[in-house]
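Sequences and hints are given; from them, build the entire structure.
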Amino acid sequence: MKKLLLIALTLFVMQANAVVHTVNNVTGGGAQFTTINAAIAAATMGDTIYVHGSPIVYAAFNILDKKLTIIGPGWAPQKNNPVRAIIFSATIKNSGATSAVATSNGTELQGLVFNNTISFSANSINERGVSNIRLDRCELRNGIESSGYDANNYIIENCYISGSVARISLSTSNSYSNFLFQNNIFRIDGFNNGFLSGFLNISNFIFNHNLFMTNAPGAAGSLAVNNGVAKTLTFSNNIFVNINLNSGIESCTFNSNLTFYSSVPALTAPWAAGNVANNIDGGGNLNNVNPQMAAQTAVNTGVDNIIADFTIAAGPANNAGNDGKDLGLLFDATGSLNWVSARGARLPFIFSMNITNPTVSPGTNLNVEVTAKKNN
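According to the UniProt record's numbering, the residues represented by the sequence shown are 1 to 376, in order.
Simulated from the structure, these hints should not be mistaken for laboratory data. All figures in this text were calculated on a predicted structure; none of them were measured in a lab. Errors might be hidden in some of the hints.
What the hints assert, rightly or not - Just the calculated beta-carbon pair ranges, DEER-fashion:
(1) A41 / P82: 50 to 60 Å
(2) V276 / A314: 35 to 45 Å
(3) N204 / N319: 19 to 29 Å
(4) G30 / A216: 15 to 25 Å
(5) A219 / S99: 33 to 43 Å
(6) T364 / S164: 25 to 35 Å
(7) E369 / T301: 16 to 26 Å
(8) V360 / T27: 27 to 37 Å
(9) A219 / T44: 48 to 58 Å
(10) D323 / A38: 35 to 45 Å
(11) T334 / A266: 30 to 40 Å
(12) T27 / A100: 33 to 43 Å
Note that the Cβ used here is the ideal one computed from N, Cα and C, for glycine as well.
What follows is the structure, given as structure tokens:
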């Protein structure tokens, strides 16, 4: 009991003393560090790192045995100088010596753009899995990889996952549980590249209010699964455009989803009665129905436009979710699940700054007008 109390007090003190570090790789950028790895090296458990938007791609970073929050300006910040924080790649790991006071578990990445893979564990020897991860408002151009060790409790929300290998890749040799994917766009760039891989030993995987599309549907829709089969997933309130769910999706539950085949012949619903994949129809599903998004033409061809208008004003997908909301992406008036506000980080930011009297006499004041905004 004394040991448990000591650990609890230690964690409380560490959280209470969390420090904010800043990074900018532009010369004269005014931050404390010019590389993310330097900020990580200086950080301790529970610290936060703010990464400034920059025209220069940041080098890959590595987190080992540290719970950190790393925040960028978003994948399409709405401000006068909408520069993003683009990062080559990232690796987050726990060593064999990880402990309650030295662990990467609980790390959060928010408002960052990754050109290459975010790797968790990455099949390294003498390490442990990474759990309790949150990815929010990020753009992932090469997907996520977790291999070598079991993992659980991941939340991936408000993210744009797009590219030829922009998929969620797991290891068939490991077990995974409690993964929630909500309010994301999965855009498959290329025929049959798939957005899922290695989804075999899993439990409690939920895909809720996502949009799936492709720019290369082929003759029968682009396959959802890249490697093997994906079993026991729960799909709710999603929209699938030109995606083939009839191969590799088995023993999954479908609740209030919509499929639409704008560029290929209509396919049998994956939840149809008697389907050989043993998928379950939870009700409210619509097969080969136009969801009528504002940017439906662009969605039909899989255009890579992160700021297109994905709202639904009317039609069969309007208020058709099992929660009474539109199918596909969320645009909640309150809270953080709104695709429009998800384009920027959840931090207050300077939207504009103007000098109202550019000519001043010696000894007089320079008047600066600053406008700040905040996303939910």
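Taking the hints in turn, this is what the structure says about them:
no. : hint                    : in the structure
1   : A41 / P82: 50 to 60 Å   : 30 Å, violated
2   : V276 / A314: 35 to 45 Å : 36 Å, holds
3   : N204 / N319: 19 to 29 Å : 27 Å, holds
4   : G30 / A216: 15 to 25 Å  : 44 Å, violated
5   : A219 / S99: 33 to 43 Å  : 53 Å, violated
6   : T364 / S164: 25 to 35 Å : 58 Å, violated
7   : E369 / T301: 16 to 26 Å : 43 Å, violated
8   : V360 / T27: 27 to 37 Å  : 28 Å, holds
9   : A219 / T44: 48 to 58 Å  : 55 Å, holds
10  : D323 / A38: 35 to 45 Å  : 44 Å, holds
11  : T334 / A266: 30 to 40 Å : 38 Å, holds
12  : T27 / A100: 33 to 43 Å  : 40 Å, holds
Checked against the numbered hints above, the structure violates hints 1, 4, 5, 6, 7; every other hint is satisfied.
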